[in-house]
Amino acid sequence: MKHKVLFLFIGFFLILTGCNGYKDIDKRFFVVEMGLDHATQKDNKYAVTLKLAIASADTETMGSESYIVIKEGKTISEAVKKLKANVDKELDFGHTKVIIIGEEIAKEGLIDVMDWFDRRRDIQQISYIGIGKPNAQKIIDVKPKFERIPGNFLFLIFGNTGTESPSITLQYLFDLRRRLTENGLDPIIPVVEPSQESFAVDHASIFYNGKLALELSEEETVLYNALEREYPKVQLQIENEEEIFNISSKVLNAKYKIDTTNGSSPSIDFEIEIEGSIEETTEQIKEDNLPKYEKLARESVKERIEKLLTKFQEERVDPFGFGLRYRATNIGDEEEKWQKWLSLYPEVTFKVNVKVKLFGTGVIQ
Amino acid sequence: MLKNTRIENKISLKKLLKDTLKDNNDSKFQTLNLNNSKVELIYIKTLCDTTKIQELLIKSFFELENVDKFEAYVKSLEGFTVYKNDRDIVNKLYDGHVVIYTATNVLLIQVRNYENLGVLQATTESTIQGPQSALSEDLIINLNLIRHRYHKTSLMNESLNPVGTTNQIKIEILYDQSIVDNNLVKKVKEKISTIDKDVIQGVGEVQNEIKKGKALFPTYMVTERPDRIAYNLSKGKVIILLEGSPFALIVPAVFFDFMSSMEDLYQTFWISKFLIILRYIGLFISISLPALYVAITAFNPELFRVQLALSIAGSRIAVPYPAYLEVLFMLVIMEMLIESSIRLPKTIGPTATTVGGLILGQASTDAGLVSNIMIIIVAAVAISNFVIPLNEMGSAIRVLKYILLLVATSFGTIGVVVGLLGILLYLIHLDSFDEPFLRITGSEK
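Sequence order for the protein chains is A and B.
Anchor point for the first sequence: position 51 equals 51 in the working numbering, and the numbering is continuous, going up by one each time.
Count along the second sequence from 1, add 1000, and you get the number used in the working numbering.
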């Protein structure tokens, strides 16, 4: 009896290993980047580009090589299915941390496209999304010379573990879905462009109704990141007729309040606090004159923020989630509130209050 | 009349002794004659201290010149016991007693000579700052060591019936009467009296005989440290000592006892807390690392960072076998190394392990049998296994990791989780003399 049980167990063990998801790590192809473009053939819709990391036993060259495959299909699933026949190992999307969407597709709308990514169990919801300009394939094709592991450049850029730049916007897969489906919060996705054998991720695009609506400039992106993520390390260049100086901020706080008590003229009040020091000047700046420069900076920042917010308002986009905040802080029927907000938003006036505190003129006097 | 039967008895006894001992080369029959007095000594040379016999018995017999005086003198000596029955005499004879025949009486006196008396160095549970000596292989010395560490009048020492139907090994229990649970003492005595085995040599055997049935985890603690014994006595535990064994058995014991070293008491608070945490990390690593390796690489490689996933995949490229065979192969080799280093002579032990560990590890990765990462894992498992302070528990953990490896291979990460849960449940179900094995707080007593 005991032996029977043992044999049964060993039998199960041998059978189950074959079909229970057991797949050795060296029999998997890790997809590190995935790109999505329009198909070039007429009857297909999507072209899927995958960057596969090639593992190597040699520690010197380990993992620096990659292999790029492209297939087209009516759906993403079909293209991926076709791709599986082109490679010798199982495709593993567990490490697909960067998803690049071609600009053309972004202009047509993301809601249908993202469905595949959201449903797949193996694609991690913390993947980063980027818009590929001019298209996704061009981005996937770029291979920076110093890249130790395929895709590592973009991983580090988006992961904020390497460079810390205020112009890089972050968009996770899970957050993108939320922003696409939620009323009153619009997606903002960084734009990735090839530049000198590597990438530039210096600005972002805002979506409206799932479609690319507004491409921000680099300066606007920095400002948005500072306000939305309260990204503290921001360089602000202040110019007036006589001089140019740079403020490097250490602390940045941004708060806003939606004031709809005054029915016909609602307002959004921004409170911004910046603390920092002067980093670079064209004129000599004395410590005693700091209040003057604080005032200059205050006025300049205030003007820029107001301009940005008005721009959003004119394009009817809402990456800050004013609409969501309005819906969350008012009671009533959801649909009614939403319609009310749509009518309120164009009427809103922005009241921006900036406080700038300068600590010094750097380590030199 | 009474005297007559006694003399007859005596003669028959003498005959019995002569019959049983005549083939024994080391038995000694010695007759002392002086004037009209005659005394016979029977003893086993190899068990007795002959110089002591010479000093105590033979010399004084000739000095006293009188059998009655001699009898009185012998009766006053330390180690004198009264004659009970024939069977008892034979047993006593083999316990280092000298049987003395005078014309009218039979006297027994213990003049034991026990080689191997030295107090041993603590080797299996060594500490850095604690006492360095372990128990010896002699009961009396062990009692001496323990009593010197536990000066309390309530420390009781009971001698039980010898265990081992053939080799008749003395067994004793020790407890602090003022704090021990009397039911526990009763139970221990009962259990020991049920031991039915021909030959018993070590406390491990006693443990197995008391427990009856197949066990993986030790539920009684085997220790060689007198300080641990004294500490446990003060916690109301019962100590079982066995003749000829430099280890004692402590009952009952819970899981967390096995994870504590005496060192913890001798270090400062934070150091000992740090060491304890380290030990539990070691425990977790040595149980689960091989299983986690298989489960994560073969089922859920997305759990790694991509850099690590690629380097593991790279190092596995040359390996032709699936990960679980690779792990199994390396673990078996490691077990061989550990086992052989126990058996090897002390002088070549380190060399053999170095040769085995370094060369085998290097060569097997070069040959493409196992991956580099695998070597790291096996080394980590082997090292962390020895962090567990008590050898028995370490061995149990050594076995356990294979069970976890099996479920990991069949069911992946879920298998590891369920396997760990299973181990936890099994530990909960165990008990040691009615003390729940996984009890976290100490007994109220």
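Any given hint could turn out to be false.
What the hints assert, rightly or not - Residues of chain B placed beyond 10 Å of chain A at every Cβ, according to the derived structure: (1) Ser1311; (2) Met1393; (3) Leu1430.
Said to hold, decoys possible - Here are the simulated SDA-like pairs of lysine to any residue, each with C-alpha atoms no more than 20 Å apart in a straight line: (4) Lys2(A) x Lys1214(B); (5) Lys2(A) x Ile1403(B); (6) Lys1214(B) x Asp1049(B); (7) Lys4(A) x Ile1403(B); (8) Lys89(A) x Lys1214(B).
Worth flagging that the hints you see were computed from the coordinates, not collected in a lab.
Glycine included, C-beta positions come from ideal geometry on N, C-alpha and C.
Evaluated hints:
1. Ser1311: Non-interface label on Ser1311(B) violated, nearest chain A Cβ at 6 Å vs cutoff 10 Å.
2. Met1393: 27 Å, holds
3. Leu1430: 22 Å, holds
4. Lys2(A) x Lys1214(B): Holds, because 15 Å separates the two Cα atoms, which is no more than 20 Å.
5. Lys2(A) x Ile1403(B): 17 Å, holds
6. Lys1214(B) x Asp1049(B): 43 Å, violated
7. Lys4(A) x Ile1403(B): 19 Å, holds
8. Lys89(A) x Lys1214(B): 46 Å, violated
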